[in-house]
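Residue numbers (my numbering), protein chains in the order written: chain A, 19 to 137; chain B, 60 to 199.
It is possible that part of the hints are untrue.
[Stated by the list, open to error] To be clear about the criterion: a stretch of chain A counts as covered by chain B if any three or more of its residues have a C-beta under 8 Å from a C-beta of chain B, and this derived list gives those stretches: (1) 54-62; (2) 74-80; (3) 98-106; (4) 110-117.
[Unchecked claim] Quick list of the computed label-pair ranges, beta carbon to beta carbon: (5) 106/A - 187/B: 32 to 38 Å; (6) 26/A - 153/B: 44 to 50 Å; (7) 114/A - 136/B: 30 to 36 Å; (8) 69/A - 75/B: 26 to 32 Å; (9) 50/A - 71/B: 36 to 42 Å; (10) 146/B - 59/A: 49 to 55 Å; (11) 136/B - 106/A: 50 to 56 Å; (12) 92/A - 99/B: 40 to 46 Å.
[Stated by the list, open to error] Listed next, the stretches of chain B that the computed footprint assigns to chain A, with coverage defined by at least 3 CB atoms under 8 Å from CB atoms of chain A: (13) 81-91; (14) 94-106; (15) 110-120; (16) 172-180.
Hints listed in this document are in silico derivations from the structure and should not be mistaken for laboratory results. Beta carbons are placed, not taken as given, at the ideal position from N, Cα and C, and that holds for glycine.
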Amino acid sequence: MDRIPILRMGRTLLVTVQVDMHDQLAVRLLDDLTTMITKTRARGVLIDISALDIVDSFIGRMIADVAATSRILDAQTVVVGMQPAVAITLVELGMALPGVRTALDVERGMEMLDDPGDR
Amino acid sequence: MTPAIADPARPVIRVEIAENEDIVMVRQHAREQSRRAGFSLLETTKLVTAASELARNTLEHGGGGHAELEVCTDGNRRGVRMRFVDEGPGIPDVDQAMRDGFTTGKGLGLGLGGSRRLVSELEIESAPGRGTRVTVVRWK
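Excised from the complex, chain A in its bound form (with noise of 0.2 Å):
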């Protein structure tokens, strides 16, 4: 079964999303992430997007779906790396993603992520 590898850095997920995602897959993700918040006390989550030429209404939904679904779990979730034609797109579709946390690299993200200031 396919699956997106979702690495530990102390407390910190990092997921890569490498692949043109389907349907099923972005959903097994979010389960899976959701399942290893509590597994290892994560208390963030880093998603580098730099990979994914779009971003349509249902991954945008399991992005934003993943970052409520982690605050609730006491993890900040950070998305990284998302195109400029990207966001241009998501916001014309009518997808602003309130509430998501973006970082414009992995760095940064990281960053946001150490800082409890900014939590």
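Position chain B against the provided structure of chain A, taking the given hints into account.
Chain B in isolation, oriented as in the chain A frame:
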């Protein structure tokens, strides 16, 4: 809708939409046709995103069907035309279905209205019990 003429040198690509993975196939062909039409990165991103939304509608609301994608021309203009066809229950109220937030499925209701903003032209032919045919064109 502008009567776009299909380019005889560029055949219509037909993709069956019967399961989840087929949406990914539709996206790949939309990307390929955008490249053939000479679209910019942003134009490609918008077209592929619209293709994804509309293919999902065909699967979720139409119970599956097929998509046809082709490069089209109108004078000096070039574009990509995509048609999504299903034999599903049809849309009783097309105006209502176009509105953001209106949904009968699991989604956010951004599919039709959102797609409209990502393309140049969108046309829906549908009636209850007679299936749905959505045709979009994006010009370069």
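(request) Determine which of the earlier numbered hints do not hold for this structure and return their numbers in increasing order. (result) 1, 11
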